[in-house]
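Enquirer: Residue numbers (numbering that gives the first Met the number 0), protein chains in the order written: chain A, 0 to 462; chain B, 0 to 462; chain C, 0 to 462; chain D, 0 to 462.
Possibly wrong hints are sitting among the right ones.
[Stated by the list, open to error] Cβ-to-Cβ under 7 angstroms is the rule here; a few derived chain B residues that face chain A:
hint, residue
1, N68
2, V83
3, R86
4, S177
Hints were generated in silico from the structure; no laboratory data involved.
Built from N, CA and C at the ideal position, the CB exists for glycine as well.
Protein chains: 4
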Amino acid sequence: MNSEAWSLASKFIPESYVRQSENACKNRENIIRQLLQHRKLPEIGWDNVSVETFLYQLSGMDSNNYRGNCGAGEREARFASELVRRRHYYFGHGIGRSGDLTEPQPKAAGSSLMYKLTNCLFQDLIKFMGIGAPHECIVVPVATGMALVLSMLSLRNILPSAKYVVWSRIDQKSCFKSILSAGFIPIVINTVKVGDQLQTDINLMEEKIKEVDKKNILCIMSTTACFAPRACDNIEEIALLCKKYDIPHIINNAYGLQSKVIMKRIQKAQMKGRVDVFVQSTDKNIMVPVGGAVIAAFNIGLLREISKTYPGRASSSPIIDSFITLLQLGKNGYQDLVTNRDKLYAYLKKELTTVAEKFGETLLSTPDNPISFAVTLCTIPTEDLTKLGSMLFWRNISGTRVVTTLETKTIEGHTFNGWGSHSESLKLPYLTAAASIGVQKDEIDAFIKKLNKVFLELQKKQR
Amino acid sequence: MNSEAWSLASKFIPESYVRQSENACKNRENIIRQLLQHRKLPEIGWDNVSVETFLYQLSGMDSNNYRGNCGAGEREARFASELVRRRHYYFGHGIGRSGDLTEPQPKAAGSSLMYKLTNCLFQDLIKFMGIGAPHECIVVPVATGMALVLSMLSLRNILPSAKYVVWSRIDQKSCFKSILSAGFIPIVINTVKVGDQLQTDINLMEEKIKEVDKKNILCIMSTTACFAPRACDNIEEIALLCKKYDIPHIINNAYGLQSKVIMKRIQKAQMKGRVDVFVQSTDKNIMVPVGGAVIAAFNIGLLREISKTYPGRASSSPIIDSFITLLQLGKNGYQDLVTNRDKLYAYLKKELTTVAEKFGETLLSTPDNPISFAVTLCTIPTEDLTKLGSMLFWRNISGTRVVTTLETKTIEGHTFNGWGSHSESLKLPYLTAAASIGVQKDEIDAFIKKLNKVFLELQKKQR
Amino acid sequence: MNSEAWSLASKFIPESYVRQSENACKNRENIIRQLLQHRKLPEIGWDNVSVETFLYQLSGMDSNNYRGNCGAGEREARFASELVRRRHYYFGHGIGRSGDLTEPQPKAAGSSLMYKLTNCLFQDLIKFMGIGAPHECIVVPVATGMALVLSMLSLRNILPSAKYVVWSRIDQKSCFKSILSAGFIPIVINTVKVGDQLQTDINLMEEKIKEVDKKNILCIMSTTACFAPRACDNIEEIALLCKKYDIPHIINNAYGLQSKVIMKRIQKAQMKGRVDVFVQSTDKNIMVPVGGAVIAAFNIGLLREISKTYPGRASSSPIIDSFITLLQLGKNGYQDLVTNRDKLYAYLKKELTTVAEKFGETLLSTPDNPISFAVTLCTIPTEDLTKLGSMLFWRNISGTRVVTTLETKTIEGHTFNGWGSHSESLKLPYLTAAASIGVQKDEIDAFIKKLNKVFLELQKKQR
Amino acid sequence: MNSEAWSLASKFIPESYVRQSENACKNRENIIRQLLQHRKLPEIGWDNVSVETFLYQLSGMDSNNYRGNCGAGEREARFASELVRRRHYYFGHGIGRSGDLTEPQPKAAGSSLMYKLTNCLFQDLIKFMGIGAPHECIVVPVATGMALVLSMLSLRNILPSAKYVVWSRIDQKSCFKSILSAGFIPIVINTVKVGDQLQTDINLMEEKIKEVDKKNILCIMSTTACFAPRACDNIEEIALLCKKYDIPHIINNAYGLQSKVIMKRIQKAQMKGRVDVFVQSTDKNIMVPVGGAVIAAFNIGLLREISKTYPGRASSSPIIDSFITLLQLGKNGYQDLVTNRDKLYAYLKKELTTVAEKFGETLLSTPDNPISFAVTLCTIPTEDLTKLGSMLFWRNISGTRVVTTLETKTIEGHTFNGWGSHSESLKLPYLTAAASIGVQKDEIDAFIKKLNKVFLELQKKQR
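The following block holds chain A by itself, in its conformation from the complex (with noise of 0.2 angstroms):
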């Protein structure tokens, strides 16, 4: 409503009414000024009436919805189907134009302004979850593994004649995959044992460094979150070997985001080495649908290169489930979930150490780890192990993971021993969880109650 509106309700309802309306309005159109000026994550979230206003707001910045509009090209962003129409608040523009992402697409005003502000929120999300250092990001609506091949893409412009990526063993198919779907040959350096943990092997990693020749070497890939053993990689050591040896550092930091310690640890790798892209999952640490990442860089350059490398436009799905989220949630709302998940993290340790106890099993040590953990299954013979896995999918406890050590697997070419377990020297099956953001205590409770049934159950098989 402009202004002329506002007077002409006056003559329907009281002008103090009117007047309160109004301020109330202003106050919602100042937090969209604020955002627009400041560029950071709202301190405290938006209350949906705001959150929709504005992305109808949004969406009627881009011409589909202009009234009047005419459309004489390919793409016009109609709909066949009203129910389609409305999931995406009318958005149907999708994001970027042929050949960057993160350039303004002419027919699509509202939908590059959103794009632009969800970076923004993310930029300022990932500043307040420990990263000072000056960086940039954008989404990029594909998932992790995807972006992950997006970054080494863009690299090999850079690179051209690098053939290698030296990459720190975690079993995760999508991140290995990754390297193979960009089209470069993966150098796996198994992790070691140290103590409980299973760690980064530095040493090997330089040697084989030397080995291929840092000039056909594309870059290093780190991991941050995992599943226990596996504890966080030492991405400062991994840093320093980058600097020294003038390789890119990418660091897939797919579930980190929600986790401060993370964090702190990858600004400090860049503090004392090189860190160029660190990536993360959306889903993973906003909880949106699976299907964006976010594609942080201290080196800005290499960031310019990947929004150039992808081709064409792209969903803006993704970047409104983004959107509305990082809003509705602001500081409060996120710091509210980070604190929620670090005491259950806490709780799940407790709760997972009784039960690892009562039934003569262990929860491993694993300090460099701050979601996940591992319980050992030791006395759960072999063949059962698969059984204990599918008796708690059938308990609809989702998530968890018996890793039995002894398989191997191979992934075009690539032989894998003891897969799972992200090393070769682990011989011993056990039993991850995780406390991830959202998780709930009464989740961990039915799980905890669930777990000890079903050692009861098979520990009594036994005898």
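Once you have looked at the hints, place chains B, C and D on chain A.
Expert: For chains B, C and D alone, coordinates are given in the frame of chain A:
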């Protein structure tokens, strides 16, 4: 409602009402059963209640929506925002599994099923539009350019030493960039002018193949739908070349699925020669938001490879959009859209001819472009050409393009003279416009009216 | 977005895109301004983005949606369910204030404004449909029957000693019950058969008025839209009686708003005689869910009284529905619906005539019923009449009625012979059907086809 | 999905995933079956997917959503607007049938079933809140005031010659107006001050009954929940009077359902004496939008009469809201709300006491009002009292009221001295505030903070 519930219902309302409702519900269950059984696009589009009921049933099959599910992993499809949750119909797990897009996801049976069904629906739509020969397809949650990248990255696994992509020039940036992003060197084959039309230079193409040696060539990339006066590539002849030299053939069929003429040419090309995959945009062909592409293949092995190339899970949002839209449209709905577009294509031709003649311009004769038109701009002084574009933009005409044929553009070291005209040989300015799927008669009328005004204004100014 | 926000936007996206978007938004603001200024149904229906944006702006004006609102009362428009909150566009306060429906509610300026605007939209629609004479109207969130009760209760304040309501018989239960519920005694005037049609018995009506003495009569209640063969009441003559005897005249115009023929008769009745209020259903006339009625009045004083009779606030849900629908339709949209109905009314007549003749039945001639038809059922044995109805019901034909003219019904002591036929004089069974607003040609085709089958089946059985 | 569909599903995805999903779906079907069987509020609130799936199943039972339905009547639940259709979950037929709200509607089996279930849910909620004695209830789609009108209109059928309603004064306009709208003459019984509290004047009430003769009295209307310092009426004593004189007793229990204290008093009143119906608001008690009321009755015959008094169908929108909300809340959810309100009631009391004492005011002692408080405003000059109210209003405090006790209001000939104070005897200005269901601690904190400021400002000004 199960059978027990139905019989309990008749304690609340009369038996005969319950029976009739149950019939209606069975009817609804029946169309779901038929879909699962026949895997075909429905003859008659589904009503909204059926579509939404089915969506909720499918998302109810995903573990994040199980009553009493306990998430103990790092990715549990939690939602921070209710707005986001609802707009995705409670789907959160995306599609695919680390390392394969089409692999069912244990945590997300419903999403997995929806994905498989969407692929079937598209396969049937492709058949309906003219391709009776055996083929398969997958929807990928990336737009056309990135889908082409994926296709090329996958081909690399088969032809690891190939370096070149032979490309019949089309001045659409994301298409060209897809080659660069995938890490290949494009061999640009300028189009040649035949009559008013720009056609594939088959001879030059064959020469170049011989020149660089076929074993260094990853594929030939041809394009069907494009802006006039460029014609659809001579894909039949290109297919013959591909067969002769055993080179993979990728067709960029971005918005060709809406045209039976083009689809039949693809079928013919495959019959006579070789077509491996043909890639189409979901947004341009079935009017969903930007963000998806359908990779269809006669070469099923390559399609499997492509689905494995995508590392990790991916957004299911473009899948949901396509699924909803195809169910709602059905064959009858899509045929209506196609018929209507055909009519309006003829109408736009007639109207543009009238305007052109009135102002001393010509509608170029482009019989091999079934979607777009080009009108010369000979009477407009060069310095006013940009103005003309901007005048249309300000009058809310989107999608037309003014091509001066005087521009030169350099993309990562590759220089294109006459950028925008797909050719070096065209030396006259022109304006393009298209009648694409979903266009409305009143849009065309408004466009023609405004075009008239703009011409008048610019010619008046000259006098 | 305020002006500051717009200028900040151009730090994110190019100035020219911002300007064009701002124009588009101003265009949108402008139609809102026009609505507030002219208080008219838009000439051209609004697009969804405009409608939803405006709804959010309006609900943003309600105190429950103020950022930082503190509710310290007993009714604060809180929501327990997000699903409910969203489906009401965040409106929670209802409409009205204790003791007056149209009084603005201080806590809900937006709801109050929406309500006033909806009343204006209906007023303009009534004018558009043929009533140029000065009138006002209010939407009440109760269906037609209850709206009639409210009207009668309000009249009692003016005529406290009146006991009777003179009522031209229409066999629609809720209409008759409205008189009883309001606490009055109905004086039933059976209709008389003139040709095939059942018409108002004006003479009997006047006799009865004289008999009970006009000062004991609260009002005469006439009916326009009804099932054939009953005709629209002779409202012009009734209006003359009302004028002559100074008796209020309430017209039950439940689904008459969709017919210009009926609306013009109401206007004429008022010109010649006396019409106080005419009541129409929102669902029957503008295709919203059941639950609202429009009470329109030439007698503005009585209308004020009615709005004050409703004690307390009321649901705004029917208001929201009407508001959305009228904005989306606009005059052009409503005219399209009306034109289409007129065509299909003629079409249904033609088709029913054909069926009737084929099976030896007659389509009754009911020129004064512009919506409904009656087909005789003389060839069907009495014992099969119910079966016929049920056969149609089971074939998903809804809305037809079989009237045997043999039934007798007693409602709270009042006995109606020939229940269903509005008369005691009609002695032939028949089937009614209607072409009401929004009906589709394919519905009529399916109905006729099934009717044919049912006739065939029943006649076959007889042989 | 029927069993055939489930087995077909395993041709798309692995059998074990299908089985687990089917289990999850059966679980969902099971809670529906339980609801139909036990007719109880669920112990644990339903998740959104279950609620929405069930809603779509129910609306799929209504004829307007049958695939292939042909509407040949005048009311076919068509929708002109997709926005409207969706927000009502495709329900369009409303509830009830001409002449009876609770009669199943043949065209709308799903709506009818939903309505019956909603009535059951409320019945169980009422039991849960303290009324174990046999009772029934119906939800009516009108707010409390109109529900009281309906109740009185229905009583008239039983007591046709009664003219008076004896009413313990409560200065809430819609309550008083309901008597007038129903066409009765109120006999106002002013409350009496006992301590700080205003209580029912039982003696005066009995005197008046004797005075006008019990057979002229339609009912006594008492009120439970109200603004302090008025206390909940002495409903036990009133019930005894009703029993003694055989007068119906209607309790206006607008927001009393949220308080177990009040509900138990109603039960006790019925045990000792006579209570016919007690009416509660849906919005005030279960936090849905304004527009519904629950009429509960110990006098089942009267309840039947009320449901028959409503002429015609009615909006199902308030029913949908209540249905969704009660399923989502369940007993656990409602208990949480109740517990929380009880805590915050105590908290508000403490905080108000502190503010009052700080500024030389008193929190009145009103032990028989479990929801609201009154703080004296003795230190504020009379001329500033309105200002105080407006200062709070401008600071977004909604729901508090400043009562000067000096106002006189005349409603349709009835004069109330000390309007707002429910009494003629109270002679001190005060401010009321309430802790009603859904109130949040931060709302109270903000309110108290702002109240402090306002007091400070006004007292500063005096000096």
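Enquirer: For this structure, which hints from the list above don't hold up?
Expert: No numbers; nothing is violated.
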